[in-house]
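Number of protein chains: 4
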Amino acid sequence: MGKGLKIVTIGGGSSYTPEIVEGMIKRKLDGSLPIEELYLVDIEEGKEKLEIVGNLARRMVEKAGADIKIHLTLDRRSALKDADFVTTQFRVGLLDARIRDEKIPLRYGLLGQETNGAGGFAKAQRTIPVILDICKDMEALCPAAWLINFTNPSGMVTEAVLKHTNIKVVGVCNVPYGIQALTAEAHKVDLADVFIEFAGLNHFVYGRKVYVKGIDKTTETLELFKRSDSFTMRNIPGLEWPFELVDALGVLPCPYHRYYYLKDIMLKHAEEEAENEGTRGEVVKRLEEQLFELYKDPDLNIKPPQLSERGGAHYSDVALNVIDGIYNDRKNIQTVNVRNNGTISDLSDEAAIECNCLIDKSGAHPINVGHLESSIRGLIQIMKVFEELTVEAAVTGDYGTALKALTINPLIGDSVKAKKVLDDIIKENKEYLPQYK
Amino acid sequence: MGKGLKIVTIGGGSSYTPEIVEGMIKRKLDGSLPIEELYLVDIEEGKEKLEIVGNLARRMVEKAGADIKIHLTLDRRSALKDADFVTTQFRVGLLDARIRDEKIPLRYGLLGQETNGAGGFAKAQRTIPVILDICKDMEALCPAAWLINFTNPSGMVTEAVLKHTNIKVVGVCNVPYGIQALTAEAHKVDLADVFIEFAGLNHFVYGRKVYVKGIDKTTETLELFKRSDSFTMRNIPGLEWPFELVDALGVLPCPYHRYYYLKDIMLKHAEEEAENEGTRGEVVKRLEEQLFELYKDPDLNIKPPQLSERGGAHYSDVALNVIDGIYNDRKNIQTVNVRNNGTISDLSDEAAIECNCLIDKSGAHPINVGHLESSIRGLIQIMKVFEELTVEAAVTGDYGTALKALTINPLIGDSVKAKKVLDDIIKENKEYLPQYK
Amino acid sequence: MGKGLKIVTIGGGSSYTPEIVEGMIKRKLDGSLPIEELYLVDIEEGKEKLEIVGNLARRMVEKAGADIKIHLTLDRRSALKDADFVTTQFRVGLLDARIRDEKIPLRYGLLGQETNGAGGFAKAQRTIPVILDICKDMEALCPAAWLINFTNPSGMVTEAVLKHTNIKVVGVCNVPYGIQALTAEAHKVDLADVFIEFAGLNHFVYGRKVYVKGIDKTTETLELFKRSDSFTMRNIPGLEWPFELVDALGVLPCPYHRYYYLKDIMLKHAEEEAENEGTRGEVVKRLEEQLFELYKDPDLNIKPPQLSERGGAHYSDVALNVIDGIYNDRKNIQTVNVRNNGTISDLSDEAAIECNCLIDKSGAHPINVGHLESSIRGLIQIMKVFEELTVEAAVTGDYGTALKALTINPLIGDSVKAKKVLDDIIKENKEYLPQYK
Amino acid sequence: MGKGLKIVTIGGGSSYTPEIVEGMIKRKLDGSLPIEELYLVDIEEGKEKLEIVGNLARRMVEKAGADIKIHLTLDRRSALKDADFVTTQFRVGLLDARIRDEKIPLRYGLLGQETNGAGGFAKAQRTIPVILDICKDMEALCPAAWLINFTNPSGMVTEAVLKHTNIKVVGVCNVPYGIQALTAEAHKVDLADVFIEFAGLNHFVYGRKVYVKGIDKTTETLELFKRSDSFTMRNIPGLEWPFELVDALGVLPCPYHRYYYLKDIMLKHAEEEAENEGTRGEVVKRLEEQLFELYKDPDLNIKPPQLSERGGAHYSDVALNVIDGIYNDRKNIQTVNVRNNGTISDLSDEAAIECNCLIDKSGAHPINVGHLESSIRGLIQIMKVFEELTVEAAVTGDYGTALKALTINPLIGDSVKAKKVLDDIIKENKEYLPQYK
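Protein chains in written order, with the working numbering: chain W, 31 to 467; chain F, 31 to 467; chain Y, 31 to 467; chain P, 31 to 467.
Simulated from the structure, these hints should not be mistaken for lab results.
Note that this is a predicted model, so its numbers are computed, not measured.
Even glycine gets a Cβ: it sits at the ideal position worked out from N, Cα and C.
A hint or two may mislead.
[Stated by the list, open to error] Calculated lysine to any residue pairs in the SDA-like style (CA-CA distance at most 25 angstroms, straight line):
(1) Y/K247 - P/D428
(2) W/K193 - P/S404
(3) P/K450 - Y/H299
(4) P/K450 - Y/P335
(5) Y/K243 - F/G61
(6) P/K361 - W/P173
(7) F/K247 - Y/H299
(8) W/K449 - F/P267
(9) P/K391 - W/P173
(10) W/K467 - F/F273
(11) P/K247 - W/P173
(12) W/K239 - F/S378
(13) P/K449 - P/K361
(14) Y/K449 - P/D259
(15) W/K391 - P/T249
(16) P/K298 - Y/G139
(17) P/K391 - W/G244
(18) F/K239 - Y/N362
[What the hints assert, rightly or not] Covered stretches of chain P (chain W as the covering partner; in silico rule of three or more C-beta atoms under 8 angstroms from a C-beta of chain W):
(19) 389-396
(20) 428-438
[Stated by the list, open to error] A short, non-exhaustive set of chain P residues, derived as facing chain W with CB atoms under 7 angstroms:
(21) N196
(22) G244
(23) P267
(24) G372
(25) S378
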């Protein structure tokens, strides 16, 4: 890594791209990351979007005066050659696939849950074969490169890469960062004053201890959140955590835990949403269309503020912080997805987990967790087995394994419904699931 | 244990008593168990039933020519003095409590499930304080005695005794025996020709391998059961296991797994049942009234055949086989509930598990299991955490712990409903739950 | 296994053969094992002995009137074809190799210790490549056969087979049986009245509990043994266990533990022995020569009593009990070497351990052990790592791995000496160690 | 901790005190630690030394212009009241006890090894009762204070505090720091450029990976050290590590590993030393006398350079870095002794281990280690059991436990010798070992 860095972003035509480009510009200018080349890679299907967003990226770079060469290409292999870092933000089947992921489960009175519910299962089936393919290319073309994955379901994708390839991978997610930001806001302190002992799985992570300026403020934080809109999402009618449960947990849940602890309310809300403004996927699709209209504007040369509404805030920072941590051997603590290797004593060594890690040039080294308190152990264990089976199904295309995965998922928990959902997923994703014969 | 044995049965007024008395007579006559005295113990509330069933027991013993002295008493402590074996078959709150356990969850669209669902939770809250009290008496009056528990939820009761007393305990259940019997029948072989590697939790046990005459017949057994009434319970409309799931599991589920894998059908059936013939508890209550009418008949001096319909078949054999195994240092294999101690690598050492054990004079020694296959690991882990929290709640009366237990139970899986169920359970069991203040 | 059994004994020319043949005759006659054919296999080098002992075996069978066909052959592959059980009792390099194993360490003031000391290391290096070769033949010619290994070092040989082949293997040893026999004698009861909870490694096994007629007599047994010749071997001057150590251990050591707990006395004794009557290997060699002279006698048609002096008493029973247990699906308890798989929580799953197992048609199923008491945990752990490294060295021929193995062995414990011993072993066993290049 | 810090140093009369005082002055002046008061505590026996070194400390503080109040006292309890940090550097029985620790084992041809050999055992027996007493005082007088222990054997002392008190403790040692410094020197880079993944036990720690500027330089470091004087200590004749062993280990041993891997050479050297210049304890004693002569000089107002020869270099930095890390919530990585809690998968949760930790206001959080490579696993496991038994013996005074500890220590490895050493230790330390009755 003597000279400038070569970064490759798979799924470069994503609407998120201006976000990560903004982050790269910042780090190029402040000297922390000597990025020389950025390859935005996409597939034929996404060529038009790639052009639009790629040209915006070029205008951003030029306007900022950052000397980063931006390449737009559909030729993944040539882009990967000698890359230093590869980031992923692709979406197999585009937002239409997500919308199906949301709607299929709703047919059977079930929550889709795009990351670790039935929706996440479907997305994993589409995504994992592609990521393994990318890794195969990387093994040949840039075996020393780091894969910074933020394609969802990030935990399962990371587990697949860890189990089936030789590529060095770190799975990232903006949820822990977001919780930290909300906590700082709630306590009216700076982001850096908050330190949270995160442990669990991607989109299923808990904050076991919350420290503000080094002092344990877990209980106080739970009190603040019990009364806070960001925790209860008051725009969802009736979404109120039983306070006794929050107290008894004694740890900070993540926003996605709503789907598990408040399943019925969330389901009712999802059903209403689907009937009215459309599922989240449908809303996002409209939003994205508007974004791309904006991106086309040849006078636009900064990240447009409307992008923040799209979700995925902090994604850029989270991914680039990891790259910065590795490249600069920072030895700082970041919350990422890695091989468990005994960190959480209640899960197998091979499992991907999400937890606080020391980041340095040699990668992400988890801070030890030990045994989980009984409050959270059971759910984390069953979710991990769901993930393990989902990854195995994605790799093998084995119907029975897929059925077992969906059956034990706490958002489904019934094999008859699981079978119906699975059959629909396979049928409606046919072109993306070659592994199911 | 030089001379004759003194056995104490707590809950002696139970309708099951003739079953166990029959077993004792058989073993007294064949010389395997030199039972001298049987104390049937009950509480004031059950005095009348104790008299009825106790007198039948005396007539049975006399008719058989078995020299066993039968004592009926409400004074537990005097009965326990110097006992060799203590068996438990009591039911705190009688069948009325069970009926409430079934009806409360149904109010909220949930299955009661009398052993490890919300019903099992409620029963554990009522039962565990009593069993710990019995053990305190035993520690003082017969510290060397064995407690053979078959009061449900047997696994959780066993875990409570293991964690909170010094009494030697074996938890028994007729489910593994029943599965073995059904398997023998399905294969048209003798019971002794079937050997099943059981592992899991009480009422949540799996047969990991099925051997017939020593040959692995797991797959064949699953085939037989897929098509068998006893497995699918065809009297429950629509109760059909997805065959792909059965194949993919690759292990034999137990009948109680229906509640977890076929939750929706079972719920619908329970709702219909409750509306028509009444819940299972109500049916059993009527059955029991008829049984006690029979028992009163001074000419009856054998176990009446109608008892078998009550359920609980094999209970006598299961319990007395354990007593026989211990007393006679048999070194045979029986499936019972014991401290895990590393047997199942995926559960904590302190957990009570149900598995095959070598039974000898020093107790029940589990055959090692190792890691569970991912097919069954997740559900067993979350059920064990549910049990762990349930036992802790029963001992401490902590509301939050109870709420966490119910929230993560796969038959509930929602904290708002869990809270409603919990509040009703506490309110409607007030007199039996002094630990909840 | 419908018709008669075909058993193959590798190393058939061993002086032990009459012992195992006697056991086979007994079991053939009592109907427990329908042995039809016994193949005694040896190599060119051992042809003459094979003839001698094979002809004796034939006379024994004839005299007993047992219809077992005995084949003598140097063609291992043809013998293995469709075998039901394969037993191994070969000795690569014959007794001359053993004598070298004993003498090399003595040069450097170290105990050879033919099983898990430097001698055991050397024997493992010679033996493991051969056993893996045999297993490769078995995979092709009799994949369903059971390998009953009693070639030493039996634990390490078993671990090698478990890790590097698909063959079903049980490692046997007469030490646990011998301890049980001595214990029975000390308590003046029948062998069957003694039950010992064995756990540990081959030739490094402890009796954690000793039961006599089901009653825990561990303390009493330790008392008896403290004062017993068979425990202290009074023919070895000064060999006295510090009583405080025996009491503090609280578990029954095995005879081989002398080398570890009483290292200095045993070393001094070995040095004296080597100078006077010769090492144990030299003594045994003379004994064997006499035995083969006896075996040649055409009038001899029973196992000659002199064989017992050779050591290895009970070997026949131990091996044939395992075959009987498997063939007849006995479900009895025997102490053998198997994959740990979590049985002893303090060792890795892949390790071979020696412990009590349920023996049935599907193999040997260990009774769970859990965590070892600190008294014995440390030594067992380091010995297991020694074994793990020794097996790895035997398979790879890696010098560094071999050096690490010898360095940490408690009988060596010094890398400079370890290197000298290793260099001599490799040089003097050249023809048997092709893996060291 | 709003205002200035109160630090208490137990064993304040130690010759090391000027070292730690120098470090405190530095950190007071640079603003990192607002130390207000330093209590140097000693016992009657050490009063004179306390006066001498205390006065030197006062002169140092004055000369530096650092506003730290220094109190000299024999009244430990009054000193502890409301302390923020307590450091320990006391030596029960003074250097005379150490000299005995060295000489007793030599009588029997054994290495004393003052930290984890027989010498360390003896020191633990004397020290642990005292440290537990100090902790009892702390629980009453300053329950929120941190105990920064650097009294040896630091790992065992830490384990005793973790297991038997409620005091927050971090065990420190200068060995990892020293290895890092030597490595930096060998690579001709700054200390901060070297990062080593330390894992193991106190004075038995390995560097599993050595990074220089973030790049893995483990192999190169081993090469450098193989040829380096600081690694082989060429002043010890014949002290040469077998290169093949160093290569095969693949990890960096610590200097104390010489005693285990090169036992015979080290023993010979210790015997020669004892005969000539005296044991290390005797040398140090002479050195200390000279130091105290120097300290008396009223014109001395800095740490005299001669102190460095005493050993213990970096002690001050190591201890004050931990205090700085905690007080200032640094979130940096330091190598200290903490509760294992699953960090090293091959040791029990309760064990004290030495490894890299994230240091912040809430303490020391270990970076996960996972399973140890077989190269080092066995020795670490047996040493940990030795430590566990040693701590238990120190607390209970149980002779048998003590004997088991010494017997399995790899520097002894013989129960007869262990008994002799133990008897001498108990006899010659009578006044310091009230727990042995």
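Comparing the hints with the structure gives:
no.	hint	in the structure
1	Y/K247 - P/D428	23 angstroms, holds
2	W/K193 - P/S404	22 angstroms, holds
3	P/K450 - Y/H299	20 angstroms, holds
4	P/K450 - Y/P335	44 angstroms, violated
5	Y/K243 - F/G61	18 angstroms, holds
6	P/K361 - W/P173	32 angstroms, violated
7	F/K247 - Y/H299	56 angstroms, violated
8	W/K449 - F/P267	18 angstroms, holds
9	P/K391 - W/P173	40 angstroms, violated
10	W/K467 - F/F273	18 angstroms, holds
11	P/K247 - W/P173	19 angstroms, holds
12	W/K239 - F/S378	23 angstroms, holds
13	P/K449 - P/K361	46 angstroms, violated
14	Y/K449 - P/D259	22 angstroms, holds
15	W/K391 - P/T249	17 angstroms, holds
16	P/K298 - Y/G139	15 angstroms, holds
17	P/K391 - W/G244	5 angstroms, holds
18	F/K239 - Y/N362	18 angstroms, holds
19	389-396	holds (count 5)
20	428-438	violated (count 0)
21	N196	16 angstroms, violated
22	G244	3 angstroms, holds
23	P267	39 angstroms, violated
24	G372	4 angstroms, holds
25	S378	11 angstroms, violated
Violated hints, listed in ascending order, are 4, 6, 7, 9, 13, 20, 21, 23, 25; each of the other numbered hints is respected by the structure.
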